[in-house]
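Q: Residue numbers (the working numbering), protein chains in the order written: chain A, 2 to 154; chain B, 8 to 711.
Read the hints as simulated data drawn from the structure, not as lab findings.
Small disclaimer: the values here were computed from a predicted structure and weren't measured.
There could be a bad hint or two in this list.
As the list claims (entries may be wrong) - Where chain B lies over chain A, by a calculated footprint (3+ residues, C-beta under 8 Å):
1) 35-45
2) 56-68
3) 91-98
Glycine included, each C-beta is placed from N, C-alpha and C at the ideal position.
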Amino acid sequence: MSELHNGGAARELISFRVGAQEFCVDIMAVREIRGWTAATALPQSPSYVRGVINLRGAVLPIVDLAARLGFASAETTARHVIIVAQIGAQQVGLLVDAVSDILTVTDAMVQPTPEVASDTAKAFVRGLIALEGRMISLIGLDHVLPDDELEAA
Amino acid sequence: MDQLAAIRETFFQECEEQLAELESGLLAMEAGATDSETINAVFRAVHSIKGGAGAFGLDELVRFAHGFETVLDEVRAGRLEPTPDALKVLLRAADVLADLVCSARDGGGSVETETSAAELSQLLGGEAGDAAAEDDWGDFEFQPLGAGQTAAAPSAKAWRVTFRPRADLYAKANESALLLRELRRLGEIEVSLDASNLPSLAELDPEAAYLAWTVILTTEREQSAIVEVFDFVDGDCDLSIEEIAEDHAESPIAPTDVGDLDIAALIAKAQSAAPDPGPEAPPTRDAPAARAPEPMTHAAAGATIRVDLERVDRLIDLVGELVINQAMLSQRVLEAGIARASGVAVGLDELEQLTREIQDSVMAIRAQPVKSVFQRMPRLAREVAALTGKQVRLVTEGEATEVDKTVIERLTDPLTHMIRNAIDHGLESPERREAAGKPAEGVVRLSAAHRSGRIVIEVADDGAGINRERVKQIAAERGLIAADAVLSDEETDNLIFMAGFSTASEVSDISGRGVGMDVVRRSIQALGGRISIASRPGKGSTFTMSLPLTLAVLDGMVVTVAGQTLVAPLTAIVETLQPKAADVHSLGGDARVIAVRDSYVPLIDVGQALGYRAAPLDAACGVALLIESEGGARAALLADEIQGQRQVVIKSLEANYRQVPGVAAATILGDGRVALILDIDTIVAVSRGADLARSERRRATAAG
C-alpha cells in the first residue's frame with residue numbers, strides 16, 4: 002500500500018506475462034484463472050483463436066494473446082495459463098505464459114500510451130505502468146475477439 | 008411501479024390463456040358440445056378478462072367483455088340457443104376481444120368493436136340488447152328475462168353478506184372497496200364496518216387484514232350473482248351469504264305480505280330457467296362450501312405453477328452438465344479397467360439410467376402441447392376465408408402432442424404462412440369446387456403426432472394440388488431450372504421451396520408478401536427440422552414437417568475428421584458407405600462424385616471443407632455419410648472414421664463467440680472436450696461455391 006501517495010481511486014490489476022513483455026488487465030474483468038487444456042480448433046477462424054474449450058458446460062473461445070498482440074505464438078505447454086475474462090456479455094479465455102502479480106494502482110500511476118506506429122499497441126494498450134523498473138502495459142479487452150463479419154456487413 | 012408492471016404482465020398472460028380457453032370452448036360448442044362444463048368455461052374466460060380489465064381501468068375492454076358476457080350468461084342459463092349463427096357471432100366477438108386485449112397490452116390503436124357489439128345485442132334481441140350496448144351497465148336491466156315485470160319487484164330479496172378479507176386477498180391486489188362497489192351494482196346495499204379486530208397503531212401490521220364488513224343487500228338477482236362478485240377472492244376471505252328471512256327494516260317487501268307473489272315468481276322462474284338451481288337453494292349456505300364442485304374441477308384441470316423460464320433453463324443446463332459428467336465418469340471407469348460386474352460398474356449403470364430419466368423429465372418441463380399454436384389458426388382461417396371468399400373448415404388433430412416451448416414459439420410463423428397458403432393457393436373457389444364435384448367447403452387439416460422421437464406436423468388441403476406445369480414454367484422463367492429440364496413430379500413440387508420462387512403473378516393480400524415457401528423451409532431447418540410436400544392433382548397437397556422434440560439435445564453421428572471429433576445430425580444422414588476407389592470419380596478440377604447405386608452424388612471431404620486439411624482425403628481410406636440436404640439434394644460427406652451414434656447436448660457457440668460457417672453448434676463429449684456439430688446444409692452449399700453461400704446468407708439476413 003506504500004505506493005498509494007498520489008491520490009486518485011485505487012484499483013486492482015492482474016499482471017501476466019506474454020513472451021518477454023508484461024501486461025495487465027483490470028481484476029474486475031477476470032472471472033477465473035485455470036491451467037491450459039487442449040482446445041478444439043474452430044474452422045474459418047483467425048489464427049489467434051486457438052479454438053474452444055469446455056468451461057463447466059459453457060463453450061469458451063480461447064484467444065492466444067501473444068498472436069493477438071502480434072508476437073510469435075509459442076508452443077503451448079502445461080505451464081501456460083488461461084485467464085477467463087468477461088467482455089461485455091461474453092466470456093473469453095486468454096492464453097498467456099504466466100500470471101505474475103496483483104497490483105494496486107491509482108489512476109495517476111497509469112501513464113498515457115506514447116505515440117507509436119504499432120497498430121496492435123493502439124488497439125489494445127490503454128496505458129503504461131512503471132513499477133519497480135518494469136514496464137507493464139494496461140490492455141483493454143474490447144477488441145480481442147474478431148469482429149463479427151455478419152454484424153459488420 | 009415495477010410491481011404494477013409485473014401484475015399487468017401477469018394479467019395479460021392470463022388473458023392469453025383465457026382467450027385460448029374461450030376460443031377452444033366456442034369451437035367445441037360449434038362442434039356440438041352442449042355440456043355445462045364447456046359453456047361455463049367460456050363464460051368464466053370472458054368474466055375473468057372483464058374482472059382483470061376492470062382492475063386496470065381498461066374501460067373499452069370491460070365494456071365489450073361485459074356485453075359479451077351478458078350474451079354468454081343467457082346461453083349459460085339456457086335462454087339463448089347456441090345456434091351455428093350465434094356461435095359465429097360469438098367467435099367473432101372472441102376475435103375482437105383478443106384484439107382489444109392486444110391493443111390494451113401494446114398500446115396499439117383503437118379496435119373496431121361496434122359491429123361485433125351490435126351483433127351481440129342482436130342475439131339478445133330488443134331491450135336486453137340495448138342494455139348490453141349501454142355504457143352504464145350497472146343497472147337492473149339484465150335481470151333474468153323470465154322474471155316478468157310484475158314478478159320482478161316482489162322477487163327482490165334481502166341478503167346478509169358477511170365479508171372478512173384475509174391478508175392474502177390484499178396481497179393478490181384485490182380491493183375490498185371494489186368488491187363492495189360491485190355489490191352495490193346488484194341492488195341497494197347497507198354496509199356496516201366491523202373494526203373490532205383493529206389493534207392499536209403500535210401493534211398494527213400493515214400487511215395484515217383486520218377489517219370486516221356486513222352488507223345488507225336488497226337485490227332481485229340470484230344468490231349466484233352475489234357469489235360471483237367474490238369469484239376472484241374465493242379462498243382469500245371468510246364469506247357468508249344468507250338470505251334474511253325475517254322482516255327487515257330496509258327490505259321493501261315483508262315476506263308475509265307477498266307470500267303468494269313470491270311463489271308466483273318462483274314458478275315463473277322455474278319454468279323459464281329450469282336448470283338454474285337458484286330458487287331451490289337452501290336459504291343459508293356458506294359460499295365456499297356450496298361452490299366446492301367448481302373449484303374442484305378447476306384444481307383437477309390445472310394444478311400448475313408458474314415458473315420463470317430462466318429457472319427451467321438453468322435446470323436444463325445443469326442436467327446437461329450431469330449427463331456429460333456421468334459420461335466422463337463412465338469413460339474413466341472403463342479406462343481404469345474395472346470389471347463390468349464390479350459394484351462400481353453396476354452402480355454406474357444405475358446412475359446412467361437415473362441421469363437419463365432426470366434428463367427426460369427435465370426436458371418434459373419445457374414441453375408444451377402444440378395446442379397453443381394450433382389455437383391461433385382457426386381465427387386465421389376465418390379471416391383468410393373471409394378475404395378470399397372461400398369456404399373453409401379447419402380441422403385440427405393431435406393438439407395435445409407435446410414439444411419444446413421454443414419449437415412451439417418458432418412454429419407460429421411458418422404455420423401461419425402455410426395455412427394462409429393452403430387456403431389462398433391450395434383451395435379453389437366454392438364455384439370451382441362444385442364444378443369439380445367437390446363440396447363447396449374446403450377442408451384444411453392441421454395435425455400433429457409423435458413419430459420416432461420427432462414431432463410430425465402436417466398441413467393438408469383438399470384443393471386442386473400443385474399445378475406442376477405452372478410451377479415448372481415459373482421456375483424456368485426465373486432461371487431456377489433449365490427450360491428443358493426433365494423433372495420428376497416430386498422434384499417439381501419441391502421447386503416451390505427454392506429461394507427466388509415467388510409466384511408473383513398471383514400476389515394477393517394474403518399470401519403475396521414477398522415471403523415464399525423458401526422462408527418457411529428456412530425457419531423449419533433452423534429448428535433442425537425438415538419439410539416436404541406431397542401433392543395429387545385435383546385431390547390437394549400435404550406439407551409434412553418433421554421437427555426435433557427439443558432444441559437441447561440432438562441425436563448425432565460422432566465422426567473423426569483430420570484428428571478432430573465432429574458430430575453430424577443423424578436426421579440428415581440417409582446411410583453410411585464404405586467408398587471403393589472404383590466408385591469415386593473426379594469431375595472437373597478437384598470436385599469428386601461418388602456412385603451410389605447407379606446415381607452420382609457429389610463427394611465432399613469435410614476436413615477440406617472446414618479447412619482442417621488442404622489435400623483431400625483418399626476416399627478409400629474413409630467413410631462416406633450419404634446425406635440429404637435442403638430440397639432433397641443428396642451429397643456424400645467424407646470423414647476419416649465413424650466413432651458411433653450418441654445423443655449430445657447442444658451448446659451455443661454464439662454465447663461466447665460467434666457463428667462459425669459450417670458449424671451449427673457445439674457439444675461436450677464424454678472426455679470433457681468440445682466437439683463441433685456440423686451444419687450440413689452450409690457445408691454442401693460452400694462446396695458448391697463459397698460465394699453462393701455468402702450471398703445466400705446475406706439475402707437471408709436482409710429478408711429476416
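Q: Decide, hint by hint, whether the structure agrees.
A: Do the hints match the structure? See the list:
Coverage of the stretch 35-45 of chain A by chain B holds [criterion: at least 3 residues with CB-CB distance below 8 Å; count 7]. Here's how the stretch 56-68 of chain A fares: 6 of its residues keep a CB closer than 8 Å to some CB of chain B, so the rule of at least three is met and the hint holds. A stretch counts as covered by a chain when three or more of its residues have a beta carbon under 8 Å from one of that chain; for the stretch 91-98 of chain A and chain B the count is 3, and the coverage holds.
Hint violations for this structure: none, all hints satisfied.
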